[in-house]
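S.K.: Protein sequence lines correspond, in order, to chains A and B. In terms of my numbering, the first sequence is residues 910 to 1150. In terms of my numbering, the second sequence is residues 19 to 405.
Watch out, some of these pointers could steer you wrong.
Said to hold, decoys possible - 30 Å max Cα-Cα, derived DSSO-like pairs, lysine-lysine: (1) LYS1054(A) / LYS983(A); (2) LYS988(A) / LYS383(B); (3) LYS956(A) / LYS383(B); (4) LYS1054(A) / LYS164(B); (5) LYS208(B) / LYS138(B); (6) LYS992(A) / LYS208(B); (7) LYS934(A) / LYS956(A); (8) LYS164(B) / LYS259(B); (9) LYS259(B) / LYS138(B); (10) LYS988(A) / LYS956(A); (11) LYS983(A) / LYS956(A); (12) LYS164(B) / LYS138(B).
Bear in mind the hints are in silico, worked out from the structure with no lab data behind them. Quick caveat: nothing in here was measured; it's all calculated off a predicted structure.
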Amino acid sequence: MPLLSLEGVTRSVELPDFSRLDILKGIDLDVEVGDHISIVGRSGSGKSTLLNLLGLIDNPTTGRIIFDGAPLEKLSGGKRDRKRGRDVGFIFQQFNLLAGRTALENVMTPLLYATGRQFWRRRVLAEEMLDRVGLSERMASMPDKLSGGEQQRVAIARALVRSPRLILADEPTGALDVETGATVMELLDNVAEQSGAALITITHDPNVAALARRHYRLDNGVLSRIDVKRMLATSLPEASL
Amino acid sequence: MTWWRKKSSERSAAVAAEESTVEATIEPSDEAASIGAVPSAADDLAIRPKYELAKPTKEPRGSLLSSIVGSVVEAWDEVRINRTRVLLSLVGIGVAVCALATVVGAGAVFGQAQTEQYEKSSGRPATLTGYPPFSMTTQQPVESAKYFELLDTLVERYQVSHSTAIRRGSASVQLLNGTQFTAVQGVNDKFGVMHRVDVAVGRWLTEEDGNRLAPAVVVNDNFYEQLGRPDLRTHPTIELKAENLTTAVIVGVLAPESYRPGLSLSMLDQPFRDLVGTKAASEGDITYEIWVPEEQAAQLTDLLNRDIAAVFGDDINPSINRNDYLAWGGPSPLEPLQWAIGGIAALILLLGALGLVNISLVTVKYRVREIGVRRAFGRRRVACSSP
């Protein structure tokens, strides 16, 4: 059974002139446990909308989203929030670390919404996670005192500290230089692989997308399978997304 | 070699093998069928040890306690990190509450002062006042002594605890600047409670004062001033002359009252009658006051008038009426004050609420990204509305 299934999912919004804008059209996608998928697409292609659906934040206009065998529409708001907190980890392009809180406090934040041992041992777990991403020396540092790469590593630690089963990375290297981006992606890939979580990377960079096992392109709301590696190898014009 | 190419080259042979099976491009029409049976993902996952795959976790028990503790920790963090904003919000709320409490408190104090002022002059609610009634047949008032005797009996019958006859007259008295006339009223000890008499020095009259050979008197502040403010511990006496001459002992001095500039003194009813004698004031200056519970005032008024009529005949006018300030008719004299205080309080509440809404809106706008991030990590929607 797939961890996450999207069946004929569409998403549209009503514009001020009462016309409808179709952002996503008939998306079908199965995500297995431990999977690594990349989705590339230009700005405005619907990547963020798809991310919100994958992350159980928004509801589809039509179609079904099934997470862990449970249709999304059957989950109450509270259950969905709890499931999101427990099973989904988010990594953002701009890191979105909470200002005024240390790296350790940032990593502890998701554990505030956990229960049981995860909640009561949140400091230990956060310290272990930061140690795992190589930031054991920077635990007390504020986000504005960290480099971009370090901030993204904190964000990765924060996303993974609750051992999610699905990691959603939205342009994880978008705000980093090439070298730092490479390091961060390698770390994300390794940590995700070790934890056995499925990783979905949404990016406009085909080189980042190439690290995944399955590649998709989102174009005008339509998701289609592509082979990024072949495109990169043959330097097809499509590679410059 | 760029980093991603380097990484790609390091990937396992198995992965590389499955990658080669993927078509360069897949037509959208074939997509749905092909995604469900992706060879690469399935193959790759098949070779990974089972323990590496993330397992579903069950929600542990005790989530309510951790939710509460989590909320407290989060709120404390917010206070700690945004202490200036939180402090200003709290100061704003505190100032609004203080302003509201001050206005309401000051209004209550002022209202109470007004109420007491009314009660001093007209008696406390509900005060029933009786005048010796006129007989329609004889066109003469009934005999006041008989009338008061009857009221004393009725008051006892209806178990009213506070009542007093009030007789008013005048007497001459020798003061520092010569002989002067002073208003004199004869009351009983209950009058002090019924009219909220405010004694500044000494005490009010008591029942035991009736046993004195030299009657006790309580004078007003003007009287005391013109007497040279003697120390009451020396039991100062005054000579009062009306129909008879009497020496009285001053036992108390009333608090200054700006609206009663003349001289006046109060004494018990019997010494008053001994002093004034037949020169007592006209029958119109003789009243009888009864302090009764408000809810029984109307019923007692009817009963007393019926009983008086039974004794003096049906040809007399009803002589008992409610006469305290709440019975004056029209809106309550305190109503304008209450409206003013209510209006100011409402204005303060409105300003406080607007300030709070403003702070909340600014806070939400300021924290909208943070709220989004927290929601992404599992914070419930309802919890995101807290400051």
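S.K.: Please flag the earlier hints that this structure goes against, numbers listed from lowest up.
M.R.: The structure conflicts with hints 1, 4, 6, although it agrees with all the remaining ones.
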